[in-house]
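Asker: If you read the protein sequences in the order shown, they are chains E and F. If you count the first sequence from 1, position 184 lands on 184 in my numbering, and the numbers rise without skipping. If you count the second sequence from 1, position 277 lands on 277 in my numbering, and the numbers rise without skipping.
The hints are simulated quantities; they were obtained by calculation from the structure and are not laboratory data. Accuracy of the hints is not assured; some may be wrong.
[Stated by the list, open to error] Calculated lysine-lysine pairs in the PhoX-like style (CA-CA distance at most 20 Å, straight line):
id: 1; chain 1: E; residue 1: K218; chain 2: E; residue 2: K59
id: 2; chain 1: E; residue 1: K175; chain 2: E; residue 2: K185
id: 3; chain 1: E; residue 1: K64; chain 2: E; residue 2: K102
id: 4; chain 1: E; residue 1: K2; chain 2: E; residue 2: K85
id: 5; chain 1: E; residue 1: K2; chain 2: F; residue 2: K246
id: 6; chain 1: E; residue 1: K85; chain 2: F; residue 2: K246
id: 7; chain 1: E; residue 1: K234; chain 2: E; residue 2: K218
id: 8; chain 1: E; residue 1: K218; chain 2: F; residue 2: K246
id: 9; chain 1: E; residue 1: K2; chain 2: E; residue 2: K218
id: 10; chain 1: E; residue 1: K280; chain 2: E; residue 2: K313
id: 11; chain 1: F; residue 1: K246; chain 2: E; residue 2: K280
id: 12; chain 1: E; residue 1: K178; chain 2: E; residue 2: K218
[What the hints assert, rightly or not] Partial list, derived from the structure: chain F residues whose beta carbon lies under 7 Å from chain E:
id: 13; residue: G101
id: 14; residue: Y161
id: 15; residue: E162
id: 16; residue: E211
id: 17; residue: G239
id: 18; residue: G249
id: 19; residue: S279
id: 20; residue: T281
All figures in this text were calculated on a predicted structure; none of them were measured in a lab. Every residue, glycine too, gets a C-beta built ideally from N, C-alpha and C.
Below are the chains, spelled out letter by letter.
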Amino acid sequence: MKIQEADAKTLLVAAGLPVPPWAVARTPAEARAAAERFLGDGAGRVVIKAQVLVGGRGKAGGVKLAGSPREAEDVASRILGMDVKGIPVRKVLVGPAGVIVKEFYLGAILDRASRRIVVMASAEGGVEIEEVAKANPGAIHRVAAHPLLGLLDYQARALAFAVGLAGPHLREFVKIAKGLVATMKANDADLIEVNPLAIIRESGPEGHVERLTCLDAKITLDDSALPRHPELEKLRDLDEEDPADAEARLYDISFIHLDGSIGCMVNGAGLAMTTMDLVKRAGGEPANFLDIGGGAKADRVAAAMRLILADPKVKAILVNIFGGITRGDEVARGLIDARSRQEREVPMIVRIVGTNAEEAGRLLQEAHFETAATLDEAAQKAVAAARAAGGAG
Amino acid sequence: MSILIGRDTRLVVHGITGREGEFHSRQMLEYGTNIVAGMTPGKGGLHALDNRVPVFNTIEEAVRETGANTSCIFVPAGGAPDSILEAVGAGVSTIFCITEGIPTLDMLPVVEVVRAAGARLIGPNCPGATSPGRAKVGIIPGSIHLEGGVGVVSRSGTLTYEAVQAMSDAGIGQSTCVGIGGDPLIGTTFLDVLQLFAADPETQGIVLIGEIGGAAEEEAAAWAAEHLRGVPMAAFIAGRTAPEGKRMGHAGAIISGGRGTAAEKVAALEAAGIRVASSPTEIPALLREAGYRG
Chain E
1 MKIQEADAKT
11 LLVAAGLPVP
21 PWAVARTPAE
31 ARAAAERFLG
41 DGAGRVVIKA
51 QVLVGGRGKA
61 GGVKLAGSPR
71 EAEDVASRIL
81 GMDVKGIPVR
91 KVLVGPAGVI
101 VKEFYLGAIL
111 DRASRRIVVM
121 ASAEGGVEIE
131 EVAKANPGAI
141 HRVAAHPLLG
151 LLDYQARALA
161 FAVGLAGPHL
171 REFVKIAKGL
181 VATMKANDAD
191 LIEVNPLAII
201 RESGPEGHVE
211 RLTCLDAKIT
221 LDDSALPRHP
231 ELEKLRDLDE
241 EDPADAEARL
251 YDISFIHLDG
261 SIGCMVNGAG
271 LAMTTMDLVK
281 RAGGEPANFL
291 DIGGGAKADR
301 VAAAMRLILA
311 DPKVKAILVN
321 IFGGITRGDE
331 VARGLIDARS
341 RQEREVPMIV
351 RIVGTNAEEA
361 GRLLQEAHFE
371 TAATLDEAAQ
381 KAVAAARAAG
391 GAG
Chain F
1 MSILIGRDTR
11 LVVHGITGRE
21 GEFHSRQMLE
31 YGTNIVAGMT
41 PGKGGLHALD
51 NRVPVFNTIE
61 EAVRETGANT
71 SCIFVPAGGA
81 PDSILEAVGA
91 GVSTIFCITE
101 GIPTLDMLPV
111 VEVVRAAGAR
121 LIGPNCPGAT
131 SPGRAKVGII
141 PGSIHLEGGV
151 GVVSRSGTLT
161 YEAVQAMSDA
171 GIGQSTCVGI
181 GGDPLIGTTF
191 LDVLQLFAAD
201 PETQGIVLIG
211 EIGGAAEEEA
221 AAWAAEHLRG
231 VPMAAFIAGR
241 TAPEGKRMGH
251 AGAIISGGRG
261 TAAEKVAALE
271 AAGIRVASSP
281 TEIPALLREA
291 GYRG
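Build out the structure end to end from the sequences listed, making use of the hints.
Answerer: Written out as structure tokens, the structure reads:
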């Protein structure tokens, strides 16, 4: 689960990391009030940033500076009205814009190949790290945190030297890098990125001070660990979530909405992906990924059917069950029950093999369901049915 | 011979008195697996599965009393990492963890401890393994198998059943079929299993079933290109139509930053001389074309 920048920054602050103050505004007036406060506290300018869970908001014009409360209000009203990659911006983050001396990238990610948390740093900060990785892979420095002890001081120092940090910033960097790994562990995050991590110049009574500061924060949490972090579950941004996702979660169904016209109901994630692939191969487009999970019972089958039919683009449904733990006859009963209650008549092709498939076949035949013996045949029949029903395939 | 499990397997089941544990233990026993013990804390001294299997409070006791050398874990996600460590501590050499939904960072130290102890962990979030005619450990339905010479390794459950059924229907039997699990952090990788198959005289052909996410298929393909030339192989990769940035059911099945796509994996396998099927039903024919005669 991705969380918004403001929530990610809250987790960094909780770990004792340096983050400039911020406020979240849902209206231009709120943005103006926040700007007034930060400008009054001595900031020369404020930054206004779209809060969306997709990347590329900077390029889309979702990050702007303002020098006065009135300008902040104008800028906020423009950003609050825009879309970033199809996601409408509903809130902005407002904060003081410091004088940036130098920008870095710092990130921590779970690396599958090495089975370690890998911490990455680059002196090319403030730009998309994927671009740096493509254009200049040597500019990204990596260390693998110890699997039992976490990131060690010497590892963090090595990264700091690699990106050219020295003097007082060395100690600041070590604290931040270790803090990121600790934040990752404390919250079961898969990924934490601070981009940019910046040296900021602040003017104080004793003249200028330069400090390493986390100007942005991006955190992805491990969905499997959310049950033990109820406080993090509350950070789920329902504004940006498809309502179908909430229902799917309630029934423990893996569901991903796609653009096609053929609804898919499958048991098992690998088989569900394969079913989508075969629909495409037969000339159709899948409307969704849906894994009803192992041992699915009638109520889950009915919920899956509701999720699929809630999409008006669905013109045919393909049910593919390979019974192992899941009993074919139970799925068949669930389908018969769900169809008797469904509000919209959509052709359905059912293929059930494995445990209790014979009983399932008999039940489906009595209820006049269209069945298929193989997965390839089921995909072809579903595509033909969707075409006949006016779907683009 | 076979890999990981066979006639010499002496299995202890963690959570044998639970709903899942009992159901699947019964299936394993019926298949002929030598289940020597069960473990449920607090139920030591009882006998499970119609009095056929003694239950112990600890794995250490089970190993001492029965000589168990393999374990299979059916405990919930919260307790599964502890179960793996208990098995390692008791000296179990091969550990299957079926449990799904273990937080990834919990597995980080566990995998390290397993490695340092020289034990082997398969999973988590895996269906287990079958060596047809000898033993099955986990939840793969025994009925889909046929004894033979093809080693199967996969990240999936039901997709593996689909492929194995297609092979058995075409008269192509299996030496061992291993599900390595769909999580981002797993104990045994494609490469590990390919190395075991390469050393197994009975395995004459290999089928690899991968999916989007990570780069384990590419790593396996690179090794196969060097060490498995001449071994008939076929592969399948699920997720050609999967969108970027979405977890496709398995925690590890995600394309991120443009990496881990099916296209990359298919290209890597083909570059290693391995034909990739576009449907699981094509696997038997591809194996034959690659020279499999079993």
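Asker: Each of the hints needs a verdict: does it hold here or not?
Answerer: Checked hints:
1. E/K218 with E/K59: holds (17 Å)
2. E/K175 with E/K185: holds (15 Å)
3. E/K64 with E/K102: Given that 20 Å is the threshold and the Cα spacing comes to 19 Å, the pair holds.
4. E/K2 with E/K85: holds (16 Å)
5. E/K2 with F/K246: holds (11 Å)
6. E/K85 with F/K246: Holds, at roughly 15 Å.
7. E/K234 with E/K218: holds (17 Å)
8. E/K218 with F/K246: Satisfied, since the Cα-Cα distance of roughly 17 Å is no more than 20 Å.
9. E/K2 with E/K218: Answer holds: E/K2 to E/K218 is near 8 Å, not above 20 Å.
10. E/K280 with E/K313: Holds, because 16 Å separates the two Cα atoms, which is no more than 20 Å.
11. F/K246 with E/K280: Given pair F/K246, E/K280 holds - Cα atoms ~18 Å apart, limit 20 Å.
12. E/K178 with E/K218: holds (16 Å)
13. G101: holds (5 Å)
14. Y161: Hint holds; F/Y161 Cβ to chain E Cβ min 5 Å, cut 7 Å.
15. E162: holds (6 Å)
16. E211: holds (5 Å)
17. G239: Cβ of F/G239 sits 4 Å from chain E, so the hint holds.
18. G249: holds (3 Å)
19. S279: holds (6 Å)
20. T281: Given a least distance of 6 Å, the restraint on F/T281 holds.
The structure is consistent with each of the numbered hints, conforming to all of them.
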